[in-house]
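Asker: Okay, here's what each chain looks like letter by letter:
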Amino acid sequence: MEFVLALAIGIMTGSGVWLILRPRTYQVIIGLSLMSYAVNLFIFGVGGVKSNAAPLLGEGVDIAALADPVPQSLVLTAIVIGFATTALFLVVLLAARGLTGTDHVDGREQPK
Amino acid sequence: MNGWMQHLIVAPILIPLVAGAFLLFFDERQRVLKAMVSVLSCLALAAVAITLLRFSGAEAGFQGVYLLGNWPAPFGIVLVVDRLSALMLVLASVLSIPALVFSLARWHAAGPHFHTLFQLLMMGLNGAFLTGDLFNLFVFFEVMLAASYGLLMHGSGSMRVKAGLHYIAVNLVAALCFLIGVSTIYGSVGTLNMADLALRIGELDPDRRMLLEAGASVLGVAFLIKAGMWPLNFWLPGAYSAATAPVAGVFAIMSKVGVYVILRLSLLVFGEGESAGHGLNVLLYGGMATILFGTIGVLASQALGRLASYSVLVSSGTLLAVLGLGNGEVTAGALFYLVSSTLTISAFFMLIELVERGQDAGASVLAVTMEAYGDADEEEPETEVGVTMPATIAVLGTCFAAIGILLSGLPPLSGFVAKFVMLSGMIGAGVQSGGTIPAPVWWIVALMILSGLAALISMTRAGIRTFWASMEGTVPRVLVMEMAPVLVLLALTLMLAVKAGPAMAYMEETVRALQHPAGYIEAVSGARRAGEAAATTTAGEGD
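Top to bottom, those sequences are chains A and B.
Using our numbering, you'd call the opening residue of the first sequence number 1 and step up by one each time.
Using our numbering, you'd call the opening residue of the second sequence number 113 and step up by one each time.
All clues stand as given, with none of them false.
Some chain A residues well away from chain B (every beta-carbon gap over 12 Å; in silico):
| # | residue |
| --- | --- |
| 1 | 7 |
| 2 | 11 |
| 3 | 51 |
| 4 | 54 |
| 5 | 58 |
| 6 | 61 |
| 7 | 110 |
| 8 | 111 |
Pairwise CB distance ranges (calculated):
| # | chain 1 | residue 1 | chain 2 | residue 2 | range |
| --- | --- | --- | --- | --- | --- |
| 9 | A | 18 | B | 579 | 46 to 54 Å |
| 10 | A | 66 | B | 412 | 53 to 61 Å |
| 11 | B | 552 | A | 21 | 27 to 35 Å |
| 12 | B | 315 | A | 48 | 18 to 26 Å |
| 13 | B | 346 | A | 109 | 19 to 27 Å |
| 14 | A | 101 | B | 610 | 48 to 56 Å |
Calculated from the model, a selection of chain A residues having no Cβ within reach of chain B, i.e. all distances over 12 Å:
| # | residue |
| --- | --- |
| 15 | 1 |
| 16 | 4 |
| 17 | 52 |
| 18 | 53 |
| 19 | 55 |
| 20 | 62 |
These are calculated hints, taken from the structure and not from any lab test.
We put the CB at the ideal spot given by N, CA and C, even for glycine.
When you get a sec, could you build the whole thing from the sequences and use the hints?
Answerer: Following this line, the structure appears as structure tokens:
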């Protein structure tokens, strides 16, 4: 479980970093999305990976058997904010495409 | 501070939020109403901030702690007003009024929702200064940044959208660093409350401490991107010089938010104990590299906007390098410098727009490129209402000279006082401790003086080109409404120089409180919930 999670985070971060270094705006936005997924998983992971554990405190429940609720609420906030900023970036990306006529991040093609 | 006064602490967040939301109900044709609401909100903010400043300056070791939702301290989110946050609140609100008034002359009409975005930016700024919780800090950072994305592209034009694209991409990556840092800290310490974090760091075992330090370093990267430390600052000149003048005027404080958080966290969490001084060397040498980079940029800039943007970098670099020394007396000088340089740069950005209005598009090389990229679209003559400034060139020239003096740190304005305090602190500390002054201190001294010289050279050059060697000799049409904000900001720097004694006393008291975080920690953990009996009173003011 930990291994799979770590692998997923690693692959997504790696792909994301590679993509945001590319010259096309579409690649950059996909890269940013992948990285934010990786970060969300990472936040989820810092609370300790547990399966089938509820984050709710109840009568007579051992605390060690519970999942940490804080990272879960953090990840929720991070997802919402990440979603909003990505949507905003998408709008700017389209505006830049419309104004400059190219999808290069610098607004003009590299001279061949 | 009790009763309803307690709720003043949350007011700097609520006022702009409510004002910003309220403005959404009106369409863009009701400009006068929108402007009035916006100005009133900023005036209210300034009043609240000054009240908080007076309270936090009234007694030594004062802490105002506000428990949001009435949850007890380490579990809920707290807002904390201490001297440092009160100072930053005042600076932000004092800066916002001139920028807003300046925008009313023409810029606020250049695109939709200017005032809402402006208010939300203020909310994000104030929230970041007030919060005592790391994750809440992230949220307010994002509020501030989201508003700044909109403001940067206010007025549209391909140049701004392009700069905005880079700015957003860089800041999204910074936000991810922020999240990684915060969650690593949570994973290692198990708390997000800054005071609780400082309390628990002493009890950490070495493995966890390492993890915490790694998390704090990643978090630091996010703030250093914001503060513009080399090599994380290549986005800054493009973004700041592309923004409209009033927006760049408030952006002057945004790079100081990063500096504020670094100052707050490094002294709170890494002030004492085993991890003491973590990352100070990065600040020291990174700051010096930033000064050097900024200085070269200042010398190389042809357009005034870029000159101002590189001055932002010089100012950030100076602050970071000086904070990296970890010397209390010098840090107090740095706070004074922070206030002085923020006011200066804000005035500079606004003045530039007025000065360049008089210039022909071919006056400088970059103006040509600006023309080619469509910046000229915004310059469409609008029907301007208002009083035209008399003796325009004389006033503009005097302001320009004053800003040059401030940037290069010459007497008699506050730039000189700030630099003098820092330099004397650095050299004096070495002399007192036995005559030897460490090499990094000499480097900073040299770089600070060099950067001042560079600012003087390039300001003189730009001034001669603009005011004396101007070919066409057309006088820009400047309204009183646009000139007054610049004059007010410059008057504030003059006042800061005249009242340097009390101001420095406040800064020194601030740094002393920061260096002994026990008071802060005690206030937060001892804050009482509303309705709770006042049985166990500590320094906390929770009422």
